[in-house]
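The chain contents come next:
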Amino acid sequence: MAYRNSSGRQTWVFRDLKDLMAKATPPRSGDMLAGIAAGSAEENVAAKMCLADVPLKAFLSEALVPYETDEVTRLILDSHDAKAFAPVSHMTVGEFRDFLLGEETSTEMLSALAAGITPEMAAAVSKLMRNQDLILVARKCVVVTRFRNTIGLPGTMAVRLQPNHPTDDARGVAASVVDGLMYGCGDAVIGINPASDSTAAMAELALLFDDIIGRFDIPTQSCVLTHVTTSIELIEKGLPIDLVFQSIAGTEAANRSFGIDLAVLAEGREAALSLKRGTLGDNVMYFETGQGSALSASAHHGVDQQTIEARAYALARAFDPLLVNTVVGFIGPEYLYDGKQIIRAGLEDHFCGKLLGLPIGCDICYTNHAEADQDDMDTLLTLLAAAGVTFIIGVPGADDVMLNYQSTSFHDQLYIREVLGVKRAPEFEAWLQRMGITGHDGQLRPHSALLPLLPMELAE
Amino acid sequence: MTRRKETPALQKDWKYLSRLTPARIALGRSGSGLLTAEVLKIAMAHAQARDAVHTPFDGEALAAKLAGLGLAAVCVATPATRRDVYLRRPDLGRRLDEASARAVRNLGQTGADLSIVIADGLSSTAIETNVVPLLEALLPQLRQMGLSLAPVAVAGGGRVALGDEIGGALEARLVLVLIGERPGLSSPDSLGAYLTFEPRIGRNDAERNCVSNIRPGGLGYSVAASKLAWLIEAALKRGLTGVQLKDQSAQDLVVAMRHGAISD
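Chains as they are written, first to last, in this note's numbering: chain A, 170 to 629; chain B, 288 to 551.
Just so you know, the hints here were simulated from the structure itself, not pulled from any lab data. Possibly wrong hints are sitting among the right ones.
Calculated from the model, a selection of chain B residues having no Cβ within reach of chain A, i.e. all distances over 12 angstroms [what the hints assert, rightly or not]:
#, residue
1, 316
2, 330
3, 505
Between beta-carbon pairs, the in silico distance windows are [stated by the list, open to error]:
#, chain 1, residue 1, chain 2, residue 2, range
4, A, 471, B, 521, 50 to 60 angstroms
5, B, 318, A, 235, 49 to 59 angstroms
6, A, 178, B, 385, 50 to 60 angstroms
7, A, 428, B, 526, 52 to 62 angstroms
8, A, 236, B, 526, 37 to 47 angstroms
9, A, 542, B, 395, 10 to 20 angstroms
10, B, 341, A, 611, 41 to 51 angstroms
C-beta atoms are modelled at their ideal positions from N, C-alpha and C, and glycine is treated no differently.
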C-alpha cells in the first residue's frame, strides 16, 4: 500500500511501509549508502507526517522483512502478545508517541506493554520523537535483571569493565581489571574481547576472571566475548563461564553471516544455565548489536538500519539477557557519519531497547575515521545517563588498545555519578565499601594506604 | 592546593602495573576527571589519528620515490578521492574511475607474477611513513625469487578490493595491496598488506591473506617483508590465497575483519 502526503510544496508518495519507514528516519549515512534514505529534508518530514497517521496494527499485518524467509520476523509476529498490546491497539504511531509522553503513562504500564510492542512499532514511534522524547520515555521504563547482582534498578547505572589487551596477556588483562575495580567499575560484567581465536587463550581468560571474582568475592559476573559455539565448547570442557556472549542482528540472513540462528542461541543459553553459576538470578546472556551490521552483510532487505537494529532487540528478549549492548559508533562513518548521527542513534537504540523490555546499555564510542571526538561522547554519556541507561563501558583512558577505537573511560563513569548521582548495582556498591575502595557516599576514597586488590601475584 | 597535590599521587600506588599492559591504566585523577597532562596526551593521539585520515595523499611524490627504487609506477584514482565521499561510500573506493581504468588497460595484459597496488586507505601517514622502507626490504627477496612485476599502481581514494580490478586488468597472477589501516590512538601510521591470488572484481576477504600493523612501533619492516615473501612464494606455488593458505597471517586477517580494522 502506498502512502501520500501533500503538506509541503509537493505531494510525496511512499511505495510501502518499508519505504515510508526509511524515508522518515533522521538522516544517517548508512541509509544513504543503502540508497533508501529521503532525498530531501522535506521528503523526510513528509514521511514522518505520513508515518504519524499509520495505525500501530499495520505493523502486525505488513511485515517489512518477509515472514516466510526470515525467522526473526516469525519470532516477532508469532510471539506477539495481543493482550499486552490491547491498551494501544487502536492508536496510530503519532497517537502512540503522545501516549508514551503522557504523565499518566507510568512505569508499570510501560512494563506491561512491552510484550505487545513489536520492534517495528518501537522504531516507527522513535522516528517521530525528538531526542528529549527518547530520553523522557526511556527513563520511565525500568528493566531489572540478575545474575550475581541486581542490574537496572532506578537511579543506578552499571559499568562493563573492558580490560582488552592486544595479545590477551593474562597479567596485562589482570592489571586493567584491578585498575577498573579501583575506580569502582565492573558491576555490569567484567567482559573481554579476546584478541586471539584460540580456545586455549579464551579458557585462560575465563579462569583468570573466575579467580579474581572468587578470590575477592566480587558480586559480579564475567564474560569472554567469543562466538556462542565457542562458549558452548568451553562450557562442555568444564570451564567457568558466567555469561554467554553473541553479536546479533535483526535479520536471519545477517545472523547467518555471524554464524548463528535462534536454535544455536537457545543452545548457548541452555549450556550457561546448566552451570547454575548465577546466585541471584538466571539472566545468562550478553548480546551486542549496532546499527548498520545487516547492511554490511548485505542482509537488510531494503529496511532502514535503525528498524533492523530494533528487530535485533526482539531477538535478544527471547533469551532473557542480563545485558544488551548497542555498540553505537564502532561500525564507522559509512553507517553513522558524525557525532550528531552517533548521538541520535545511541538515544534511539536505548529507547527502543527499553520500550521492548530490555536491559540495554550503550558502548558510547567512535572510531578515528568518524567525525566525532570525546566531547561528543561526553554529550551522549550525559544524555543516556539522564535517560536511565542500564550500563556503559569502562575502558582504561577510553582508549581500547586492542580494538582501536575510543569508548568511555573509568573516569567518565565517575563524572556522570558525580553530576547525576547515579549509583552502582547495590551488591557491588556494598562490596566496594567493604573493600574500602569507596566510602559510604559511594565516592572513591583517597586510598593511598588501603589497596586491598593489589597484593595479587601480578604485583611481581 | 593540598588536594591537587594529593590526588595525582594516587596513581603511584599501582603505577607499577602499567608496565604489564599498553592500556592507559593508573592514570590518576583530578576529582572525577583525568589529569590535565593525560587529557592533552589523549587529545594529541587523537589529533594524529585524525590527521592521518585527512592528510591529502600525494601519489605523484610517491611515484617519484618508487622510481628511485627502480619501480615503474602509474598514478590512478577512484571516484572517491574527496575524503568525505571516501568515508561515506566504501563501494566507490573499490573501483577505478574511468580515466584510470583506461590508463591501466593501456598498460596491457602483463601476465606478471605480481602486481603491487599502493592505496592511501584510511591513513596517508601510513603510506608516507612505511611504503618505501618496506619495499626496500621486500624487493631484494622478490628479485631473488625471480618474479616478474607489473607496473606499480599508486591509487588515491582506494580500498583493499581496488587491487582486484587493477590486478585483474593487468592479468597478474597475484596482487599485493599496501594500504593505510584505520588509525588507532597509538598507531596513526599502521600499514596493512593484502595478498589476493588471481585478482578479479568480486573477490572476497576470505580469499585474501593479510600482514597487518606494519610500522616502526609495530611489525618491523624486515619481519613484515619476510612474512610477505613467504606468503607470496606459497601463494604462487599453491595457486591460492585466503583461509586455505594456512598461515598465521590468514588468522590475522580474520581477526582484523572481525574488529573492523581493515578498510575493505
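Status of the hints after comparison with the structure:
{"no.": "1", "hint": "316", "result": "violated (6 angstroms)"}
{"no.": "2", "hint": "330", "result": "violated (8 angstroms)"}
{"no.": "3", "hint": "505", "result": "violated (10 angstroms)"}
{"no.": "4", "hint": "A:471 / B:521: 50 to 60 angstroms", "result": "violated (42 angstroms)"}
{"no.": "5", "hint": "B:318 / A:235: 49 to 59 angstroms", "result": "holds (55 angstroms)"}
{"no.": "6", "hint": "A:178 / B:385: 50 to 60 angstroms", "result": "violated (37 angstroms)"}
{"no.": "7", "hint": "A:428 / B:526: 52 to 62 angstroms", "result": "violated (28 angstroms)"}
{"no.": "8", "hint": "A:236 / B:526: 37 to 47 angstroms", "result": "holds (45 angstroms)"}
{"no.": "9", "hint": "A:542 / B:395: 10 to 20 angstroms", "result": "violated (47 angstroms)"}
{"no.": "10", "hint": "B:341 / A:611: 41 to 51 angstroms", "result": "holds (42 angstroms)"}
Of the hints listed earlier, those the structure fails to meet are numbers 1, 2, 3, 4, 6, 7 and 9, in rising order.
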